[in-house]
Amino acid sequence: MKVVVCVKQIPDPATPYKLEEGTNWLVRPSEQVLDDTDRYGVEMGLQLAQANEGTVTLVSMGPAGNAQGIRQALAMGADKAVMVEDDGLRGSDALTTARVLAKAIQNEGFDLVIAGTESTDGYSGVVPQMLSELLDAPALTYATKVETDGSAVTIHRQTAAGYDVVESDLPAVVSVTAGVVEPRYPTFKGIMDAKKKPVETLTLGDLDVDKADGQKVASITDAPERSAGRKVEDDGEAFNEIITLLQQRKVI
Amino acid sequence: MANVWVFVEETNGAPSTLGLELLTKARDLGETTAIYLGAGGDEAFSTLGAHGAASVLHANAGDRLPSGPVAAALAEKAAADSPDLILFGQAYTDRDIAGRLAARLGVGVLSNASDVRVTGDGVEADHEIFGGAQVATAAMSGGPHIVLVRPKSFTAQPSDGGTPSVAVLDLPDAGKSEAKVTESHVEEREGPQLGDAAVVVSGGRGLGSPEAYELVEKLAKPLGAATGATRAIVDAGWVPYAKQVGQTGKTVKPDIYIACGISGAMQHLVGMKDSATIIAINKDPDAPIFSVADLGIVGDLHKVLPQLIEALENR
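Here the protein sequences line up with chains S and E, keeping their order.
Going left to right, the first sequence walks through residues 1 to 252 as the numbering used here numbers them.
Going left to right, the second sequence walks through residues 1001 to 1315 as the numbering used here numbers them.
In case anyone wonders, no lab produced these hints; they're calculated from the structure.
Distance windows between CB atoms, simulated:
#, chain 1, residue 1, chain 2, residue 2, range
1, E, Asp1284, S, Tyr185, 21 to 29 Å
2, E, Lys1303, S, Tyr185, 30 to 38 Å
3, S, Thr23, E, Gly1143, 22 to 30 Å
4, E, Asp1173, S, Ile252, 52 to 60 Å
5, E, Gly1120, S, Ser151, 50 to 58 Å
6, E, Lys1176, S, Arg230, 55 to 63 Å
7, E, Val1168, S, Arg230, 54 to 62 Å
8, S, Thr23, E, Lys1303, 47 to 55 Å
9, S, Thr55, E, Glu1217, 38 to 46 Å
10, S, Gly205, E, Thr1017, 46 to 54 Å
11, E, Glu1217, S, Glu147, 31 to 39 Å
Using 30 Å as the maximum straight-line C-alpha spacing, the simulated DSS-like pairs for lysine-lysine come out as follows:
#, chain 1, residue 1, chain 2, residue 2
12, E, Lys1176, S, Lys2
13, E, Lys1152, S, Lys216
14, S, Lys103, E, Lys1176
15, S, Lys216, E, Lys1077
16, S, Lys2, S, Lys103
17, S, Lys18, E, Lys1152
18, S, Lys211, E, Lys1176
19, S, Lys18, S, Lys211
These stretches of chain E come out as covered by chain S in the derived footprint (C-beta under 8 Å, 3 or more residues):
#, region
20, 1058 to 1068
21, 1106 to 1117
22, 1173 to 1179
Even glycine gets a Cβ: it sits at the ideal position worked out from N, Cα and C.
Could you build all of it, start to finish, from the sequences and the hints given here?
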C-alpha cells in the first residue's frame, strides 16, 4: 500500500510571526520546523503502512530552507520525501497549494493520502478537501481514528455532536485531527537514518501546474485594541478580586 | 443586486445557528439563496425565509458523506446561475463542501473571515491574523467568491422575510469520491455547552497535569459555567477535542471567560478575545493573556483556584 503524507514546514510558532512589507506574505526563515499537527499524520501513516506492508512518502510544498522539518518527519520513519520549491509559488493560496500537492502525489502514485486538518501558520483548513477533488477521491475528514485493510478505509469523523463512522474504498484522502494517534519521538538511529533517505526536490516547471489567481491581501490594519485591565500580584487574597468582579457582573 | 448563496446545515432538525448568522448577513448583501443540507421541512424552510432566504435549494445526502455529491451539484448549479458570493461557515461539513467546490470551480477560498463586503468590483473579506491583533482585508478576483466565515461573526436575527420558494438540488453519483456514513454517535454531554454558556472556565498547560483539570471543573460548577481548554492540553490528550477553544476549536463570546494557566497563544486568543469580561490567572507576569484580560491575577493557580472555589461554594 502506498501512503502519502502531506507535511509542511512552518516558522517556529514560538517565535513572533512577521509579514513581508509590500506583499504581506509571511516571512519564512531558512530554519523552519515541522508543523506539530503533521506529526499525527506521519505517525498514522507509518502505522497504517506497517500493518499493510506499505511505504510512506512525504510530500511538501514551500521554501525548503535547511529541510530540518522534513528531516524530522523522515526521522520518525517515513521512507522518502518529495519537496516542491519554487520562487513562483511564494504567496500561493490554498488552491495553488492543493494543485501542486495533487500533481506531486499523482506522480508518486497513492492508495491513501493523509494530511492534517489545517496548518498552524495559515489555517485555511481546506487543502485536504481540495486535494481530494483534484485527485478524484473521497475526503474522509477530521479523523479521530483510522483503519484500513489496504482496499477500503474506515474513520471516526469528528462532528459537532460527537462522531460519525465513515467508510470508502481506496484510493482516498484522510485528514486527521491531533490526537488520532500518539506520535513517536525519533530515535537516535532514526535521526541518523533520515540523513541518508532520498529527498527529491521539484520546481513548478517539473509539475505543469496553473497558479490560481487567488486573492490578494489588500490591506492590514490594527484591530481595535482591547484595553488591558488590572493586573494584580497574588498576595494570598487575590481570589477576592475575582469574587468582587463576578458580583459586579452579577454572575453571583 | 448581488446574487448570494449561503450554505446552511441542519442540526437537530433545524437550521444551524451558524447558518442563520450567515443568512442574516447575506440579506444585506444581495438576493439570497439558502443551500440547505438536511431532511428539511416546512418549519425549517420558513426559518430560512424569516432570516432572509428568498429561495431555498434543498439537498438531502441521506447516508452519503455530503461533500463529494453536494460540491458536484453546486458546481453545476453555479455554472448556470453565476452567484457572486457563496458563504459557508468555518465548520466541518462547510469546509468539506467549500474546498471541493472551489477546486472544481477553480476559484480560491477565503477562510476565517470575520466580515465580508460586496464592493463595486468584487468581494472583500476581513480575517483576523496574529490572534486578532491585526485585521487583513483580502480582495478577491475572479468568481464566484467563496468565503468561510467564523461562527459568531454576526448575530442571527429574523426579519420580516416571507416564505421562500423551495427547489430540490439533485445530488449526482459522486463516482470515485463517494463515501458512506454508516453510524452516527452523539456524545453525551453534561452541563452547559461551550457555544452558548454565559460563563466559560478554561484550562491550559499551566495546570501542570491532566488531574489538575478537576480545578477547572470545580470552579465551573458553582458558576454554572461550561468548561474549555487550549489546543496544547487537547493535543496532549488531557481533555477531549470538543472542549477546545481557539482557531481550530470553538469560538466563544461569553459574558465571563476565566482563563486558568493559559499563556494566551494566538491560536487560543482568536477563539475567546471577544468575551465581554476576561479574567486570567497565570504565574508568568508577561503572559500575552494579560494583554486582553480585564482582571489578571499573577499567581499560582494551585493556590488561587482552591481559595476561589471554596469561597464560591460557601456562598
